[in-house]
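The sequence shown begins at 6 in the working numbering and counts up by one.
Incorrect hints may have been included.
Said to hold, decoys possible - Okay, derived cross-link-like pairs now, BS3-like style, lysine-lysine, Cα gap no bigger than 30 Å in a straight line:
#	residue 1	residue 2
1	K27	K103
2	K183	K103
3	K166	K9
4	K179	K27
5	K9	K183
6	K9	K103
7	K27	K9
As the list claims (entries may be wrong) - Estimated spans, in silico, between C-beta atoms of each pair:
#	residue 1	residue 2	range
8	L185	K7	16 to 22 Å
9	S101	A57	20 to 26 Å
10	P163	K124	36 to 42 Å
11	R31	S78	14 to 20 Å
12	P8	L70	17 to 23 Å
13	A53	D105	32 to 38 Å
14	R143	E69	20 to 26 Å
15	E123	G45	22 to 28 Å
16	S79	R142	35 to 41 Å
17	P48	K166	37 to 43 Å
18	S78	I126	35 to 41 Å
19	R160	S50	32 to 38 Å
Think of the hints as simulated: they come from the structure by calculation, not from any bench. Yeah, the Cβ is synthetic: ideal placement off N, Cα and C, and Gly gets one too.
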Amino acid sequence: MKPKMILMMGGQGVGKGTFARKFMERGQYEYIETGAILRGLPPESKIAGIIARGELVPDSDLFELLATHFDTSSDMILDGFPRTLGQAKWIVENYSNKFDIRVIYLDVPESVMLSRIEKRIREGGNRADDADADVVRRRLDNFWRITMPAIEWLRGAPGIKFSDIDVTDPDADKNFVKILAALN
Numbered sequence: 006m007k008p009k010m011i012l013m014m015g016g017q018g019v020g021k022g023t024f025a026r027k028f029m030e031r032g033q034y035e036y037i038e039t040g041a042i043l044r045g046l047p048p049e050s051k052i053a054g055i056i057a058r059g060e061l062v063p064d065s066d067l068f069e070l071l072a073t074h075f076d077t078s079s080d081m082i083l084d085g086f087p088r089t090l091g092q093a094k095w096i097v098e099n100y101s102n103k104f105d106i107r108v109i110y111l112d113v114p115e116s117v118m119l120s121r122i123e124k125r126i127r128e129g130g131n132r133a134d135d136a137d138a139d140v141v142r143r144r145l146d147n148f149w150r151i152t153m154p155a156i157e158w159l160r161g162a163p164g165i166k167f168s169d170i171d172v173t174d175p176d177a178d179k180n181f182v183k184i185l186a187a188l189n
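The task is simple: from the sequences and hints, build the whole structure.
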């Protein structure tokens, strides 16, 4: 039996990190938070400059970086990857033979994404990419323009289990129950 690779996908503020942490509390999965890996890079690095402008990191840079974090012997959750059609195809082409890939698409309207980002700021989340309204707008535009085609491709990709889950309920525990049900 192949280990599971869960791709937590959705726009900014949908709860990818929140739900991934809930999985971690259960002790079942290795957690790879792409954004944290990228934000942890030295501020003077090329990739850090790209992120500060609200742009997407080139695929070739991400592939090289992420491949070093994948352990093909354990179940894992990827938060924040893939974000482009090329990344989606790369992960399926390179890892579907090693993992049972499950896509969890956390589906909420943009208005909910914005209100959750604002809440994250109010509650002291010190993410530089949340603090600038222009950067937030660019990130959301990138989500609709660049990431949604990847999500739509994954929806029909062979051998991938895709679950579209409405997580608009303000109660994260109720939303998590829906996610768990989709994985069974």
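Structure-based check of all given hints:
no., hint, verdict
1, K27 to K103, "holds (24 Å)"
2, K183 to K103, "holds (26 Å)"
3, K166 to K9, "holds (11 Å)"
4, K179 to K27, "holds (12 Å)"
5, K9 to K183, "holds (18 Å)"
6, K9 to K103, "holds (9 Å)"
7, K27 to K9, "holds (16 Å)"
8, L185 to K7: 16 to 22 Å, "holds (20 Å)"
9, S101 to A57: 20 to 26 Å, "violated (33 Å)"
10, P163 to K124: 36 to 42 Å, "holds (38 Å)"
11, R31 to S78: 14 to 20 Å, "holds (19 Å)"
12, P8 to L70: 17 to 23 Å, "holds (21 Å)"
13, A53 to D105: 32 to 38 Å, "holds (34 Å)"
14, R143 to E69: 20 to 26 Å, "holds (24 Å)"
15, E123 to G45: 22 to 28 Å, "holds (25 Å)"
16, S79 to R142: 35 to 41 Å, "holds (37 Å)"
17, P48 to K166: 37 to 43 Å, "holds (38 Å)"
18, S78 to I126: 35 to 41 Å, "holds (38 Å)"
19, R160 to S50: 32 to 38 Å, "holds (34 Å)"
In summary, the structure is inconsistent with hint 9 from the numbered list given earlier, while agreeing with all the others.
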